[in-house]
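Enquirer: Read off the chains here:
Number of protein chains: 4
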Amino acid sequence: MIKVTVWNEYRHEKQSEQVRAVYPEGIHGQLKSFLQEEFEVTTATLDEPEHGLTEEVLASTDVLVWWGHIAHGEVQDEIVNRVHQRVLEGMGLIVLHSGHMSKIFMKLMGTSCDLKWREADEVCRMWNVNPSHPITEGVGEFIYLEKEEMYGEHFDIPAPDELLFVNWYQGGEVFRGGCTFRRGNGKVFYFQPGHETYPSYYNEQVQRVIQNAVKWCRPTTNAYPKYGYHQPLEQISKGEA
Amino acid sequence: MIKVTVWNEYRHEKQSEQVRAVYPEGIHGQLKSFLQEEFEVTTATLDEPEHGLTEEVLASTDVLVWWGHIAHGEVQDEIVNRVHQRVLEGMGLIVLHSGHMSKIFMKLMGTSCDLKWREADEVCRMWNVNPSHPITEGVGEFIYLEKEEMYGEHFDIPAPDELLFVNWYQGGEVFRGGCTFRRGNGKVFYFQPGHETYPSYYNEQVQRVIQNAVKWCRPTTNAYPKYGYHQPLEQISKGEA
Amino acid sequence: MIKVTVWNEYRHEKQSEQVRAVYPEGIHGQLKSFLQEEFEVTTATLDEPEHGLTEEVLASTDVLVWWGHIAHGEVQDEIVNRVHQRVLEGMGLIVLHSGHMSKIFMKLMGTSCDLKWREADEVCRMWNVNPSHPITEGVGEFIYLEKEEMYGEHFDIPAPDELLFVNWYQGGEVFRGGCTFRRGNGKVFYFQPGHETYPSYYNEQVQRVIQNAVKWCRPTTNAYPKYGYHQPLEQISKGEA
Amino acid sequence: MIKVTVWNEYRHEKQSEQVRAVYPEGIHGQLKSFLQEEFEVTTATLDEPEHGLTEEVLASTDVLVWWGHIAHGEVQDEIVNRVHQRVLEGMGLIVLHSGHMSKIFMKLMGTSCDLKWREADEVCRMWNVNPSHPITEGVGEFIYLEKEEMYGEHFDIPAPDELLFVNWYQGGEVFRGGCTFRRGNGKVFYFQPGHETYPSYYNEQVQRVIQNAVKWCRPTTNAYPKYGYHQPLEQISKGEA
Numbered sequence: 104m105i106k107v108t109v110w111n112e113y114r115h116e117k118q119s120e121q122v123r124a125v126y127p128e129g130i131h132g133q134l135k136s137f138l139q140e141e142f143e144v145t146t147a148t149l150d151e152p153e154h155g156l157t158e159e160v161l162a163s164t165d166v167l168v169w170w171g172h173i174a175h176g177e178v179q180d181e182i183v184n185r186v187h188q189r190v191l192e193g194m195g196l197i198v199l200h201s202g203h204m205s206k207i208f209m210k211l212m213g214t215s216c217d218l219k220w221r222e223a224d225e226v227c228r229m230w231n232v233n234p235s236h237p238i239t240e241g242v243g244e245f246i247y248l249e250k251e252e253m254y255g256e257h258f259d260i261p262a263p264d265e266l267l268f269v270n271w272y273q274g275g276e277v278f279r280g281g282c283t284f285r286r287g288n289g290k291v292f293y294f295q296p297g298h299e300t301y302p303s304y305y306n307e308q309v310q311r312v313i314q315n316a317v318k319w320c321r322p323t324t325n326a327y328p329k330y331g332y333h334q335p336l337e338q339i340s341k342g343e344a
Numbered sequence: 104m105i106k107v108t109v110w111n112e113y114r115h116e117k118q119s120e121q122v123r124a125v126y127p128e129g130i131h132g133q134l135k136s137f138l139q140e141e142f143e144v145t146t147a148t149l150d151e152p153e154h155g156l157t158e159e160v161l162a163s164t165d166v167l168v169w170w171g172h173i174a175h176g177e178v179q180d181e182i183v184n185r186v187h188q189r190v191l192e193g194m195g196l197i198v199l200h201s202g203h204m205s206k207i208f209m210k211l212m213g214t215s216c217d218l219k220w221r222e223a224d225e226v227c228r229m230w231n232v233n234p235s236h237p238i239t240e241g242v243g244e245f246i247y248l249e250k251e252e253m254y255g256e257h258f259d260i261p262a263p264d265e266l267l268f269v270n271w272y273q274g275g276e277v278f279r280g281g282c283t284f285r286r287g288n289g290k291v292f293y294f295q296p297g298h299e300t301y302p303s304y305y306n307e308q309v310q311r312v313i314q315n316a317v318k319w320c321r322p323t324t325n326a327y328p329k330y331g332y333h334q335p336l337e338q339i340s341k342g343e344a
Numbered sequence: 104m105i106k107v108t109v110w111n112e113y114r115h116e117k118q119s120e121q122v123r124a125v126y127p128e129g130i131h132g133q134l135k136s137f138l139q140e141e142f143e144v145t146t147a148t149l150d151e152p153e154h155g156l157t158e159e160v161l162a163s164t165d166v167l168v169w170w171g172h173i174a175h176g177e178v179q180d181e182i183v184n185r186v187h188q189r190v191l192e193g194m195g196l197i198v199l200h201s202g203h204m205s206k207i208f209m210k211l212m213g214t215s216c217d218l219k220w221r222e223a224d225e226v227c228r229m230w231n232v233n234p235s236h237p238i239t240e241g242v243g244e245f246i247y248l249e250k251e252e253m254y255g256e257h258f259d260i261p262a263p264d265e266l267l268f269v270n271w272y273q274g275g276e277v278f279r280g281g282c283t284f285r286r287g288n289g290k291v292f293y294f295q296p297g298h299e300t301y302p303s304y305y306n307e308q309v310q311r312v313i314q315n316a317v318k319w320c321r322p323t324t325n326a327y328p329k330y331g332y333h334q335p336l337e338q339i340s341k342g343e344a
Numbered sequence: 104m105i106k107v108t109v110w111n112e113y114r115h116e117k118q119s120e121q122v123r124a125v126y127p128e129g130i131h132g133q134l135k136s137f138l139q140e141e142f143e144v145t146t147a148t149l150d151e152p153e154h155g156l157t158e159e160v161l162a163s164t165d166v167l168v169w170w171g172h173i174a175h176g177e178v179q180d181e182i183v184n185r186v187h188q189r190v191l192e193g194m195g196l197i198v199l200h201s202g203h204m205s206k207i208f209m210k211l212m213g214t215s216c217d218l219k220w221r222e223a224d225e226v227c228r229m230w231n232v233n234p235s236h237p238i239t240e241g242v243g244e245f246i247y248l249e250k251e252e253m254y255g256e257h258f259d260i261p262a263p264d265e266l267l268f269v270n271w272y273q274g275g276e277v278f279r280g281g282c283t284f285r286r287g288n289g290k291v292f293y294f295q296p297g298h299e300t301y302p303s304y305y306n307e308q309v310q311r312v313i314q315n316a317v318k319w320c321r322p323t324t325n326a327y328p329k330y331g332y333h334q335p336l337e338q339i340s341k342g343e344a
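Line order of the protein sequences matches chains A, B, C and D.
The first sequence maps to residues 104 to 344 in the working numbering.
The second sequence maps to residues 104 to 344 in the working numbering.
The third sequence maps to residues 104 to 344 in the working numbering.
The fourth sequence maps to residues 104 to 344 in the working numbering.
The hints are simulated quantities; they were obtained by calculation from the structure and are not laboratory data.
A portion of the hints provided could be inaccurate.
Same chains, same names: a pair is fine if it fits in one copy or spans any two.
Claimed, not checked - Dumping the calculated DSS-like pairs for lysine-lysine here, alpha-carbon to alpha-carbon at most 30 Å:
#, residue 1, residue 2
1, K135, K250
2, K206, K329
3, K329, K210
4, K210, K318
5, K318, K135
6, K329, K318
7, K106, K206
8, K106, K135
9, K250, K329
10, K135, K329
11, K329, K106
Please construct the entire structure, taking both the sequences and the accompanying hints into account.
Expert: Below is the structure:
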């Protein structure tokens, strides 16, 4: 059974009644609730020791789900490096919504990961541009969200390995809202929905995508490749043909 | 100087006063008018012998621009194969608007190239998602078209090598409206604007993109690679290291 | 259970004792033998009516495996178009070795699919350049084949969506020997090993890759997207913000 | 005229007579010698103040060429961040040979950038797998280097946006030896040749590729995109169609 760790900053929920009303168990609680149907799920949050991401926790995590927003700067560099190393070794990583500016996502992308944004209660329609991909399995032609925060292009990421969703917003913007990236032995999926004041993680299509993504992100059993000095496998002879 | 051949079906202009009012010299005439500032431009149309695309014409064409719509089926397979071979040898190809269902584009893509569409005088905003690409040079953050035909996802093309523009439409759809593809020794650019009843080819940003694309599409001087039986370049010895 | 149809030209085995000695049950027989451990497998061959690929057979096929070589030209265009349509609808396709010049692969790629080749009993080492991909699962750093036909660059395919293996040959050539492509709702995998006089399909790593590829290629349940005229999902109002 | 800054660590040349014999003017001197035919070229080295990469120098650099090896760790993080920011703003970056482990390349890639290596005076043949790309212009089917350091897969980089060269080595390895990446508004090219004891930068094909790459890497005039809060461009009405 795939082992999932859901990481949440868990600050908005403590500070805002409005957010708490939407996510009374925290965003991590809601994510856990629909992931635990299929996977072995634990949670971790910013204010735990080592942010809940000890060596032991990460060593037994197949896929890490990441939600953060107002406290990206408080995540310790040492822990970011630890997560980064685990991704390169093969751990899957699903970065949600405002996690686009988390230290771990920026470190993996190598770009600013910046974008345009607006909170205006507007419709978001996420078009499926890759219907053959296992992450879009069962989703159909688009995901409809009555209200979502606008995230608009230009989104400063490397060209994704695979583009799965393109978002439409009422205000006139578009956004690459579902993207895959491979880094080292690990797989990364970025998914746009999840503003803290909107109930996006109760949406069944959104849930389905995150469930699909966990399966897609799971590590292979391939060992981390060997690097450094390499003995020749063939005789290095000088004769030309 | 780059040699451009602008190919136009040239039927709408003859059949419809409305289209003729927009493009009195034909769509090819308008495309030629802004391309000839920088390039050596000739035109060819469906009803000419061999559709104006003789062996001689193609042999001296660096970049072919293609506009077609209601008469895709009338383009002879022999001419399609001839154009296809030239693309593989290195000739650039720019496919505009409804050319997405032309025989030559479908043959190069290997898919149905189908899409959703609607004519409803709606705003199209083409967001630049690749500002470092020479084809988007000088275009800025987006191209604004007051009226354009809606082309919507799913667009049944292979994942483009590079995605340059994503279109937003008032009716709620998005579209990958600027895409590059490499085929053989040749380069292909698909660009969405250009419904026959709208003045999109008078738009300076649209013109700039097509001009940029001609430069990007020009052939390299690399010879067509050699295929078939190949003598070993190194001695095939059996000794292991 | 995934339904696999293994298609084989089945001519070499009838014409050559040398090939028959390697594959007494035909290449399709050997492919079936290791695929049937996990999947529901049937076979089809060129000389059967409709090449064994009737509408009924294809309708119940999740993944089609294709081996052909000396009789590509005998495959009827009608059957090629039928297979092509099924791939666009979602059927997976695994193209092996000399299938690179089959009509179906060329039609899906849009290029000549040509390459350099040589039969010289030389070592082929297929390096895994994508260890996080499910198709390379369990394969390790490389696949070692004591003897395989040399296939060398330039390989005239579109840039693959994902590059999985790069082959090294004793004679001095390299080859992109494991490549994925998405076409329509379907997924395609090209894999180089399998010259008819060498026992490559008895190699456990090669078998593992083909088994992995069947799983990767299986269709999603997403319906084939709707194309054509599309009603607006949002009110098309003319008011600017 | 494109402004190029060639940056060299410039340590091997001072420490080793063998290297000095190959590059008496330093590696940067040799790179400058063939780039200044077409471009405005200056040089900068590690031991200059701010490594020669002041704000002023970078502000007037269109394309930065980077060679480093034994002193990656001595490059100050502040300068690395400055170069990184300039790449995101549009400056081109060409990373040569052992620069694969430079701080700036690792920061832009987000991976370990590690690989296999061996110094054994062996033949390197770099196959051109993208003959339509302007960086391979004029190079033909392959680049032949009588002696080059072996760099072997797995090379821990993100999947390149474009793969241009695949290297073959006598000892049995392959390597993705020419790769492009887009980061922010900037373009990055990695190119394998250039071990300090071999005369690779005197090879005319190698020189041609680096010259081509400078042109390909030059910035567009597109402004750095605007990020942050964004006013709606369209009226956000709630009416459904």
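Enquirer: Would you pick out the hints that fail for this structure and give their numbers low to high?
Expert: 10
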